[in-house]
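Colleague: Let's have the full structure, built from the sequences with the hints guiding it.
Sequences listed follow chains E and U, in order.
With UniProt numbering applied, the first sequence covers 1 to 628.
With UniProt numbering applied, the second sequence covers 1 to 628.
If you're looking for bench data, these hints aren't it; they were derived computationally from the structure.
Computed from a prediction, not measured in an experiment: that's the story for all the values here.
The hints are all genuine.
Given that identical chains are not distinguished, each listed pair holds provided it fits within a single copy or across any two copies.
Result set (DSSO-like, lysine-lysine): computed pairs, CA atoms no more than 30 Å apart in a straight line:
(1) 58 - 423
(2) 217 - 243
(3) 443 - 28
(4) 245 - 276
(5) 207 - 217
(6) 243 - 219
(7) 202 - 258
(8) 207 - 243
(9) 245 - 217
Protein chains: 2
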Amino acid sequence: MLYGKINFLQLLLFLVVVQHSLFAQEFKLSDYLIEGEKDATLSVLTMLQDAAKHKNSKVIIEKGTYNFYPEKAYEQYCFVTNHDNGMRRIAFNIKNFDGLTIDAQGSTFIFHGVMMPFNIENSKNIDISGLNIDWFLPLHSEGLIEANDTTNHSFDLRLADNMPYTIRNEQLIFIKEGFEHDLNQAILFDPERKAVSYNTSKYTPLKMIDHIVIRNKDKFDYHNYIDFRRPEYETQDLEYAIKAKELEPGLVRISGLKGMPPPIGMVLVCKGQFGKARIANAFHINESSNVKLHDLNIYYAGGMGVIGERSQDITLDHVNILPNPEKKLMVSITADAAHFAGCKGKVVIDYCNFRNQLDDGLNVHGAFVIVEDILGPDKVGVRIGHFQQAGFQFAEKGDRVGIIDVDKSPEVAFQTTVNSLNKLNQDYYIITFDENITEKLNKGFILENLDWYPEVTITNSQFADNRARGLLLKSPKKTIIKNNYFSNMMQALIISGGINTWWYESGGAQDLLIEGNTFGDCSYDGRKRPVISIGGDEDYKGRQLGKIIIKNNTFNNFNPSILKAGGVNRLEFINNTINNSKTFPPTDFDAYVIDVKQVDTLNIKNVKISKDFVNKENIKAVKHNLSN
Amino acid sequence: MLYGKINFLQLLLFLVVVQHSLFAQEFKLSDYLIEGEKDATLSVLTMLQDAAKHKNSKVIIEKGTYNFYPEKAYEQYCFVTNHDNGMRRIAFNIKNFDGLTIDAQGSTFIFHGVMMPFNIENSKNIDISGLNIDWFLPLHSEGLIEANDTTNHSFDLRLADNMPYTIRNEQLIFIKEGFEHDLNQAILFDPERKAVSYNTSKYTPLKMIDHIVIRNKDKFDYHNYIDFRRPEYETQDLEYAIKAKELEPGLVRISGLKGMPPPIGMVLVCKGQFGKARIANAFHINESSNVKLHDLNIYYAGGMGVIGERSQDITLDHVNILPNPEKKLMVSITADAAHFAGCKGKVVIDYCNFRNQLDDGLNVHGAFVIVEDILGPDKVGVRIGHFQQAGFQFAEKGDRVGIIDVDKSPEVAFQTTVNSLNKLNQDYYIITFDENITEKLNKGFILENLDWYPEVTITNSQFADNRARGLLLKSPKKTIIKNNYFSNMMQALIISGGINTWWYESGGAQDLLIEGNTFGDCSYDGRKRPVISIGGDEDYKGRQLGKIIIKNNTFNNFNPSILKAGGVNRLEFINNTINNSKTFPPTDFDAYVIDVKQVDTLNIKNVKISKDFVNKENIKAVKHNLSN
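Modeller: Next up, the structure:
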């Protein structure tokens, strides 16, 4: 009998393993707090250092309010995709953990200045819950439009005392703790609706810039490819067209606008120059697996709420990203609520509420890289596509990559396997393959990592009142969007397979179900967009999408345009109800409710459309139309 | 007999070792160059990757002109002391080498944009020679003062076509490749003398700034110590007082100066805001030993020429740092020619010529850190003193440190040994000691690393025509300054033991010989300074210096002030000749030639002083005066 053979040493080993892994070591923050010390950062870091020595550690943070400052935070240079890279000051440094549960029991964490609350890196089996993330002073700015002058293109901005500012050389500069920004990337919020303003695109972003001449520009010698969108280049030939003047403390007049001044009563929200404002995301999940965030609120972050990259199996359950209900801010966080780039396994969003952020609700994609140099029979030099992907872990040994001859087709021309990836710098990587295939490549070819796309399930959640979109989904793996609520300034959903040469985000849905959702007003910023965009129109250069089923949804929209789709193998639009919400005057009143082109198999059935919407269907270039 | 016992295996091992180490592997750049490729960066990096696989590799770079661009350079976040930390793009990535000789055979390396030519890190036995370092376009700016208006406080600046610029919101901004700067840190050069202008301090730095109000500043919550000199804080409450207007392409009028406009015919040199301009030093020697640079020219760098830290045994032999004689630039490099912080062993400067740089010729010191928190009986949290020391490797396990109760005395109160140092972030380190001694410490105490000071020998070299000083020497180890030439805008020599709470540079000479040097005009910027400053005056709060001998030197100075000294154990000033150069009108005509206070033993003998200089000696508070 096997059990009879266990000797004393084996038993001892068993007990040690059990104690080490099953009966997790427990740590309490109260044991680490320093009496009279308001800054909890050092205490948390010390506790986590101890917890890192054990497998499956459990950390209890007793309910309370804790302050975190950057001066004694853990520091690391972080490449955070879709953010601005840089030295991050980290409070919760979760690196190289094998099992960690943090239960903060409803605590509130108040961050100060430029910090990253949580960095989860090279770790697995992480469970974090029971906390509210907030900031002492916001890193973006908000002010009420108190007056305007459409003749002189000026407006007066009322600034509350949580918005320190100065007028520097006739410019309004918002001063933060270790940071500052100007009026760039402005948008209007409607304080009545506590959402992005109807028609904001008429006024925002503020037209505040003039182009200027650089003398002797021909003396520059740009030999290699340079991304001139980088902040150090982007503004070299720009100056402010506007001027600011303080009328009284807290009231500033902005004049010299090159567009319409924003309407009185709206709240102007801004965060400064693109490429300099995404510096303080709340969670970074990097090269990790099985990470669950649940029962927590992110009231603020100067960047995204949750950004995951090169990670596997991430769940957000009862995660709310929305403004602190006790404060008067219009904005929750200053970029996407959640964003997953180059992830695999399963991404699950359940019972979440993402509101009032300054960018999309959720974005899931990979990243293309571009062949720059052929360096050998199995070796290429590639450059990243957008500077906010710099340093992104495109691939590792063993990853299957697709190679795309983008001038010919957006589809993968052939595949190969990565042998090594060496980041010479954050913009330029050297990749070797398992095969000698570079004779089939040319400069400008695009590489896509085929292994790192996740299955995505988004259920029982709300995506509303934010700038930009609800969901942007590009994973070719099974994707389910069920029982959610959407109301977004732009599209609720963008399902695209385009080779976008601005962002270089990769993918293209192949198996997508959109079922039982309620869509409130969308695309209310004043531009002409549908509620759901799929693929593209006649000019669509993107990848052919697979099977997309849209059923049992309700749309309550002020404009008729609900679905625009093209470049899909099979598209079903079944049992959907479309009502006219009449919330706003329509801005696209003669648009088609359903506008479909270039679809192989189309099936539109049992769709109820409000009789207010006159132009119901525009169907072109469909091979098999199964519609009733 | 021992030799008789060597068997075949031992012989084989011996041969392998010999081949591996004695007969060095040789690499030629020509084997790595890519045909038709102007950018040599990738070729050099690949060659060095191969060379790194061998001990004592030899690299030959055949004589030629090679261009280096940042886009395909090796990248690493670098803490470079006395510079601005950041991501550096590196051409010669010399990391983890055990023996490397680079012979560039007289080649010229032209760097583009923001780069660091050489990073030598964690390496030993490095020998580099035979190269000229230059830049395609300078990172600082120069322009000729073509007109001025003393009534309206304006001047007109003529800008050559190697100085691309723009006028942005009435400010002159110099545009570089991936960088830009304003008129900050300006100084005048005299094109006739090709040196810093006489009396430049009357005009520079330009008084170009006004203070402004930050509204609701009281809302900030700065709980911990913050260095508000950091660039992100320094300018928050400043605006430009000046305005720029282009009169014609290449001619710009600057008005609104709050001081005197600079004189016509001088060249205005500037490099932009402090804390943002030291980004492209030529050599970084970090945690390395036995590094020899010889027979090479550094014609340009956007930072220091050679910065060494936490390294042992560095020799500069026939290293010239001066403007490219084929170009018309006033300036060679934009900070110190050479600078060694926290080094040990021997620092040797022989037959070097350091000219026209924008900061000191040579600076040798350690760095103090300041106790911020007592974290346990053997554990402290310390902060670095100046933000340009952030990330500096203050100590490692086993280092002997002195502890200074700075409010009581600048001398070391007691010593202990470091057990560990953990950089939580670049500004805040946690140090544990071998002993429980923190009960003897308080917040504000200062730590000094006693082990990492070098012997210094500076011979047969020239230090001239630069902004700031010749040499700043603080090492307590034997220091010899012999057969050199000095002519500097400020002091030729500063020998100090002060606890300078601006820079926090540590040390204090104990054994110094200054012999057989020639001192040309010094301190000609218009302020009242001697040629040699030692210690301080009555208010001197610094550390007592040791034995300082100054003999057989010749001074040819336009001002009488040659030596100011105080706080020294033994000072000898023997066989020195002091002439009146009459180069400029004196700016300090009634100063004492020799001004000595607070010296234990003084010996002044055989000093010949020009009869033009009336006030010859002022000797006070000397215990033993052996002078003749």
